[in-house]
Each structure stands twice: as C-alpha cells, then as structure tokens.
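Work out the full structure, taking the sequences as your base and the hints as a guide.
Spelled out, the chains give:
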Amino acid sequence: MKNMYAILLACAAIACVSCATNSAECSGDKTGCAVNNAQKSAAKPATTPAEKSSDTGKSTVVYTEENSRPVVYIWGQCARGNACQEPQNMGKRMFLRNVSKPKMELFLTGKPGSGFVVICPGGGYSFLSMKNEGYEIAEYLNSLGVSAGILCYRVPDNTQGALMDVQRAIRIVRANAKKWGVNPDKIAVMGFSAGADLSARISTQYNRDWYEKLDGIDRESARPDATVLVYPAYLDAQMYRMRWVERVREDLQVRDYTQDYALSPHLNVDKNTPPAFIVQTLDDKSCKNSSIAYFLALKDAGVDANLYYCDKGGHGYGLAARKTDTMVSMWPKLLAKYLQISGFLPGQK
Amino acid sequence: MTTKPIFIAALLWWGVSASLAQNPQGKLVQIWLEAKIPEVQKSEFACKVRKNGDRIISGTQAPSLEIFQAKSDKPTPFVIVCPGGGYKILSYDAEGTKVARRLAENGISAGVLSYRTPDNRAGALADLQRAVRFVRANAEQLNVAGDKIAVMGFSAGANLTARAANAQPSYAEVDKIDKESPVPNLTGLIYPAYCDEPTFQQCWASMKKRESIDYNSDYAVSKELPVSGGTPAAFIVQALDDRAWVNSSVAYFLALKKAGVPVEFHMFDRGGHGFGMERPGELIGQWPDLFIAWLKKKFAELDAENHKKR
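Protein chains in written order, with our numbering: chain A, 53 to 401; chain B, 149 to 458.
All clues given are correct.
Derived DMTMM-like pairs (lysine to aspartate or glutamate); straight-line CA-CA distance at most 25 Å:
#1 A/K337 / B/E453
#2 B/K456 / A/D377
#3 A/K351 / B/E430
#4 B/K219 / B/E288
#5 A/K385 / B/E430
#6 B/K356 / A/D352
#7 B/K175 / B/E192
FYI, nobody ran anything at the bench for these hints, they're computed from the structure.
Okay, here's the thing in structure tokens:
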C-alpha cells in the first residue's frame with residue numbers, strides 16, 4: 053500500500069514538471085501553444101485543481117496576495133509566497149506594458165449569489181489600460197455588489213496567448229465559484245477596445261480548447277453568461293483585416309452596409325452566443341463599425357442584445373464619469389440595471 | 149348612531165379625491181384655425197376607451213394640439229408628441245397624453261398632436277408641419293423657446309416624425325403661421341415603423357413580405373426619407389424582440405450614421421411593440437429618463453452653438 057502511494061506521488065511530480073514546462077513554452081510563443089505528442093503522453097493532468105504550490109513551485113494555478121488583494125496566477129508559473137509579481141512602472145494612467153505571467157486580480161464582494169465579471173482592459177493588445185478600464189471598473193461593479201476580476205492577459209502582441217488566458221480565467225472562476233461566494237451561472241466577460249475583441253472571441257469560441265487541458269479546472273465550461281463590450285475593436289471584417297492581415301494604418305473605407313458591417317471571420321456568432329450589452333459612440337474615430345457588426349450578427353442569430361449608442365464620447369473613456377454633459381456618462385447606470393435584471397446582483401436566484 | 153355620518157363623510161371624501169385624482173386635461177388648440185385645411189379626406193370621428201381608460205381616437209377633421217405646460221418663468225423647450233396606430237388610429241393617451249405629462253413634469257412643455265387618420269398620410273404630414281409652425285409662431289404666448297422645438301413619435305407617429313425631419317413643406321402657405329420653418333430642431337423615434345424600404349413597400353405599396361437578403365437591401369432607408377447632413381439629430385428607442393418592426397429603426401439609424409447626423413440609438417433586448425411608458429421596471433422602461441436627459445443636453449448644445457454664431 054505504501055509503495056503504491058509513493059509511485060502515485062512520483063507520477064504526480066512528473067506530471068507537474070511536464071505541465072510547468074508546457075506553460076513556460078506557452079507564455080513565450082506568439083503563434084500558439086502546440087503541445088507535441090511526446091509531451092502529451094507524458095503530462096498527466098491532475099484530477100483536482102492545484103491550490104497550493106508544491107515546494108518546487110510547479111502548480112498549474114497559484115492563489116496568492118499582492119498589495120493586500122487576492123490574485124490568481126492563471127497558469128501557476130510561480131511559487132506561492134515567492135514574488136510572482138512582474139513589477140513595472142505603470143505611470144499615471146497605469147498602462148501595464150508587459151505581462152508574461154498572466155494573472156487575475158480579484159475583487160470579491162463576498163455577498164452570496166453575486167455574479168462575477170471578468171474584466172479585460174484594452175490597449176490594442178500592446179498594453180493594458182489598468183486604471184480606467186480595470187480598477188475603476190472593478191470598483192464600480194463592487195459598488196453594485198457584483199464581484200469582479202481584472203484579467204492581466206499576456207501583452208504585448210500575444211493574441212493567441214490572451215485567448216488562452218481568458219478561457220482559463222473563466223474556468224478558474226467557475227471552479228472556485230462556491231468558495232468565492234459567486235453564482236457559477238452568472239459569470240460575465242467585459243472588455244474595452246481590444247479587451248472587448250478578446251471578450252467577443254471567448255464569447256463565440258468558448259467551446260474550442262485553446263490549450264491542452266491541464267487539470268480539473270479545465271473541465272469547467274468557458275462560456276460567459278453575458279458579454280459586455282465597450283467601444284469594441286476589430287469585430288468588423290475590414291478593421292480586423294487592416295489590423296491583423298494587411299497591417300496598414302489607413303482610414304477605413306466606407307463602402308456599403310453589407311461590406312461595412314460584415315462580421316470579422318475570426319468570430320462566429322450563433323444562437324448559443326451569450327447575450328450582450330454594447331456601448332459605442334458615433335464620434336469614435338478608431339472603431340466605427342465594429343460594434344454594429346457584432347450587434348447585427350447577434351440580431352441575425354436571434355440572440356438578446358442591447359446597444360447603447362450615442363453621438364459623443366470618443367474612445368477610451370471607460371466609465372466616462374467626468375463627461376457629465378454627454379449621454380455616454382449614463383451608460384454605467386444602464387449597465388447596473390442590466391446586471392440587476394440579468395441576476396448578477398447578490399441575493400438574486 | 150355616529151357611524152352613519154362618518155360613513156357619508158368617507159363617501160364624500162372618496163368622491164372628491166377621486167375626481168381630483170383624475171388627470172387634468174391639457175389645453176386643446178386647433179392648429180389650422182380658420183385656414184383651409186389641405187389634403188382633406190372624408191372621415192368619421194371615433195373615440196374608443198380601453199379598459200384602463202386609454203383613448204383610441206380616429207377620424208378627426210380638426211387636427212389639434214393638446215398642450216401640457218411646464219411650470220417655468222423662462223421659456224421652455226417644446227415637444228410635439230405624435231401617437232402611433234398605423235396611420236389608422238391614434239393611441240392618444242398611451243402614446244400621447246401620458247408622455248406629454250411626463251415631459252411637462254420635467255420642465256419641457258409638450259403637446260399631443262391629433263393628426264388625421266385613417267390612411268391620410270399626406271394630411272398627417274401637413275398636420276405635423278403645421279403644428280411645428282404653429283408652436284414657433286406662438287412661442288411667446290406658449291412660453292416656449294422657438295428654436296427648441298422637438299417632435300417625437302411612436303410607431304407610425306415616429307415614421308411621421310422622420311418624414312417631417314426630412315421633408316420640404318408639403319402644402320401651400322395658408323396664413324402667416326406658415327412663414328415659420330416646419331422642420332423640428334430635434335426628433336425622438338420610439339419603435340418607429342416603415343422607415344426601412346422593404347417594410348414600407350410591404351405596408352404601403354402592397355408588396356409581398358420578402359425574405360431577408362443582405363444588409364444593403366434589408367436596411368435600406370425608406371425612399372420617402374432623404375436623410376442628409378442637415379437632418380435633425382435623433383433619439384431612437386427599439387426592442388430587439390419586436391421582430392415585425394425592428395428593421396425600421398436600424399435602417400433610420402444607419403442612414404443617420406452614414407450622413408454624420410448626431411444619432412442616439414438605444415436598442416433593448418426585450419420590450420415588444422406599442423408599450424409606450426408601460427414597462428417601468430424593465431431595462432427598456434428606462435427610455436423616458438434617457439430621452440429627457442438627451443433632450444436637455446441637446447438643447448443646451450444648440451444654445452451653445454447659437455451663442456457662438458452670434
């Protein structure tokens with residue numbers, strides 16, 4: 053019996069080492085995380101989520117604290133208690149420019165039954181705008197009684213890595229829902245600009261495995277229960293093509309509705325796509341048709357969608373709290389009502 | 149003994165308070181006055197009252213504005229409210245007086261337009277253009293700022309609103325009231341109907357209902373609505389589950405966007421059609437507050453623009 057136990061421990065150790073190796077490859081790889089067959093057979097995923105790091109620090113997820121706040125390192129990559137943080141000077145606007153150890157900073161209200169919003173800040177996939185598309189959003193959601201997590205997905209220039217990060221982040225929330233006092237059926241994803249593109253990607257492609265399953269966490273569904281997109285980028289075919297295919301910085305051509313509002317090929321909307329709440333302004337010079345392309349695709353598929361479209365606001369305004377002379381400053385209040393009606397507030401069933 | 153007098157007193161009190169509780173009527177004015185009304189069609193006036201007391205009116209021969217004045221020392225903006233009903237009837241209270249009252253309570257005077265029905269679309273447009281001119285011409289008397297006239301409508305009334313926003317004067321001048329511009333400064337369209345060409349053709353040109361083709365075709369704005377850069381700013385409300393009529397709002401929205409007209413589009417997931425202000429607890433029930441906030445902000449913007457021009 054004792055020998056069996058020792059053998060099991062040894063297998064687990066080998067599995068942990070293989071997982072850690074794969075994670076290290078994933079984070080640096082721009083084009084994707086292809087796990088070759090040899091490694092696949094060696095890596096045995098743990099059957100339960102690894103909540104405490106082993107002494108070798110090779111857990112597949114690490115729960116720790118930074119600045120008195122709970123933080124989850126989505127792929128592990130560090131030992132609990134050791135400094136996992138990648139310290140950097142973020143400046144006054146708090147632009148986070150380098151993330152190789154993706155994490156989620158948690159803002160748990162502890163109120164039973166509250167929903168959870170995974171916040172994806174924007175920054176063109178080059179950086180993360182942590183203040184007006186991160187901390188201020190989390191604080192606002194908390195003020196409604198809704199829990200939140202700011203997802204620090206991999207930047208710069210790792211769109212595939214970012215997709216893996218958000219998929220696993222949603223699964224981590226679901227796996228920990230009971231412990232965190234969160235309703236597992238009320239997990240939304242919310243993004244700004246490029247973060248909204250990331251949110252739309254996971255909202256339409258949640259059922260593909262974007263990385264090799266690592267542990268029990270990855271048995272959870274990655275489907276968001278709702279999608280909130282604020283001045284979303286790259287959702288229409290033309291903007292996507294210009295940014296990611298042709299890589300040109302030109303003004304979008306205005307052609308006709310069918311061309312202007314065609315959904316980007318990197319998204320696929322169907323009747324199971326989560327319901328959405330979209331915010332956009334007419335004078336947004338960088339994202340003219342993106343929000344409407346996604347909205348019309350939802351309409352075509354018969355999915356519930358809300359569009360808050362006003363004429364003034366520009367881009368990057370976050371909660372727009374200071375723009376009190378414009379209608380765009382009222383969007384957070386309407387989101388609060390939407391979250392209430394959708395059952396994200398605590399104490400709702 | 150003493151119970152009978154108390155009982156009678158209670159009955160009297162109930163009777164008095166009940167009649168006080170009845171909403172006071174607005175001030176009714178005839179907008180064509182002594183002038184010859186254009187586009188006259190034979191019609192018979194009818195007024196049906198629904199179980200909840202809302203009136204359904206049709207066949208008026210004397211188009212009118214029922215005015216609800218906001219309490220204010222300074223001139224206020226004015227909103228002309230066009231009820232819906234498919235151009236056949238007018239949902240006069242649900243999409244008229246209730247809304248006007250709400251606006252007046254918020255510092256914006258309003259008038260419910262009783263435009264001509266049934267099936268007198270040309271007459272209806274003439275009535276609305278006349279109403280806009282009437283309010284402008286009588287601005288001082290009505291304590292209204294003549295450059296802050298909005299028109300709002302529901303369903304067919306919203307289609308009528310869009311037509312007035314984009315039309316030339318549709319009738320020959322009959323008196324000096326018609327010297328005023330008939331174009332509103334702002335427009336509000338609540339679940340508008342017939343603003344997309346396919347639905348317009350289906351409803352008014354006896355075309356068969358056709359299947360969806362593509363965005364160009366489905367969302368082509370009605371040929372009746374020559375939207376341009378000069379079209380007044382618009383506030384549009386629509387429910388996505390209002391499947392029979394939803395394309396109309398999208399068509400008008402996309403046309404305004406293309407023309408660069410300041411447009412505010414609130415599409416809500418649920419709500420259906422014809423609900424007026426009857427969904428207060430729902431997300432779409434927030435529209436009156438949004439609309440009033442928008443009107444005030446937009447009128448302030450217009451003020452600032454006019455100030456710069458001077």
